[in-house]
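Counting from 9, one number per residue, gives the positions in the sequence shown under my numbering.
Hints are computed from structural coordinates only; laboratory data are not their basis.
Misleading hints may appear alongside valid ones.
[Claimed, not checked] Once the Cα atoms are required to be at most 20 Å apart in a straight line, the calculated SDA-like pairs of lysine to any residue come out as:
(1) K79 to G13
(2) K79 to Y91
(3) K79 to V39
(4) K79 to W27
(5) K79 to L17
(6) K79 to A14
(7) K79 to F47
(8) K79 to A15
(9) K79 to E11
(10) K79 to L31
(11) K79 to V51
(12) K79 to P40
(13) K79 to S18
(14) K79 to P37
(15) K79 to G63
(16) K79 to F24
(17) K79 to G41
(18) K79 to Q16
(19) K79 to G49
(20) K79 to M68
(21) K79 to L25
(22) K79 to Q57
(23) K79 to G90
(24) K79 to L35
(25) K79 to M33
(26) K79 to V50
(27) K79 to I89
(28) K79 to L58
(29) K79 to A43
[Unchecked claim] Computed beta-carbon distance windows for the label pairs:
(30) G60 to Y87: 15 to 23 Å
(31) G90 to F64: 18 to 26 Å
(32) C73 to A10: 32 to 40 Å
Just so you know, these numbers come straight off a predicted model, no measurement behind them.
Even glycine gets a Cβ: it sits at the ideal position worked out from N, Cα and C.
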Amino acid sequence: NAELGAAQLSFATITFLVWAIGLGMFLCPIVPGTAVYLFAGVVLGAQAQLPGSVGFWAGMVFGSCACSVAKMMACMLQYLIGYFAG
9 NAELGAAQLS FATITFLVWA IGLGMFLCPI VPGTAVYLFA GVVLGAQAQL PGSVGFWAGM
69 VFGSCACSVA KMMACMLQYL IGYFAG
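Generate the whole structure from the sequences, applying the supplied hints.
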């Protein structure tokens, strides 16, 4: 979180990165879903509390939405991989 804060990335950029990393984590069958939600909560919760950001509760809403969308897309992609792999 200190590195992300020092990088001066916008909250939207960090949310996109959390979504992309979460999608990759959900696509790996070994990774449990709680790790993805915990990762998003820790990263976005801390970044949302920085001065000039959206606030903690809005950060949690964005994190929940990003993880939910990533989970649904990962399920769809796993289905498509299996479908086209035969």
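*Starting from K79, check that the Cα of Y91 is at most 20 Å away, please.*
holds, 18 Å
_K79 paired with G41 [C-alpha distance capped at 20 Å]_ = holds, 8 Å
*Has the given pair, K79 with Q16, been kept, meaning a C-alpha gap of at most 20 Å?*
Status violated; Cα separation ~28 Å.
*asked:* For K79 and Q57, compute the direct alpha-carbon distance and say whether it is at most 20 Å.
replied: violated, 25 Å
*Take a quick look at whether K79 and P37 sit within 20 Å of each other, Cα to Cα.*
holds, 12 Å
*Below or equal to 20 Å on CA atoms is what counts here, so check K79 against V50.*
The hint holds at about 18 Å.
*Hint consistency between K79 and M68 [alpha-carbon to alpha-carbon, up to 20 Å]*: holds, 16 Å
_Pair hint outcome, K79 versus L58 [Cα-Cα no greater than 20 Å]_ = violated, 27 Å
*asked:* Would the hint linking K79 and G49 be met if the CA-CA limit is 20 Å?
replied: holds, 15 Å
*Are K79 and G63 close enough, with their CA atoms no more than 20 Å apart?*
Since the Cα atoms of K79 and G63 sit roughly 24 Å apart, the hinted pair is violated (cutoff 20 Å).
*Starting from K79, check that the Cα of S18 is at most 20 Å away, please.*
The hint is violated at about 23 Å.
*Could you grab the alpha-carbon distance between K79 and A15 and see if it respects the 20 Å cut-off?*
violated, 27 Å
Hints 1, 5, 6, 8, 9, 13, 15, 18, 22, 28, 30, 31, 32 from the earlier list are contradicted by this structure; the remaining hints agree with it.
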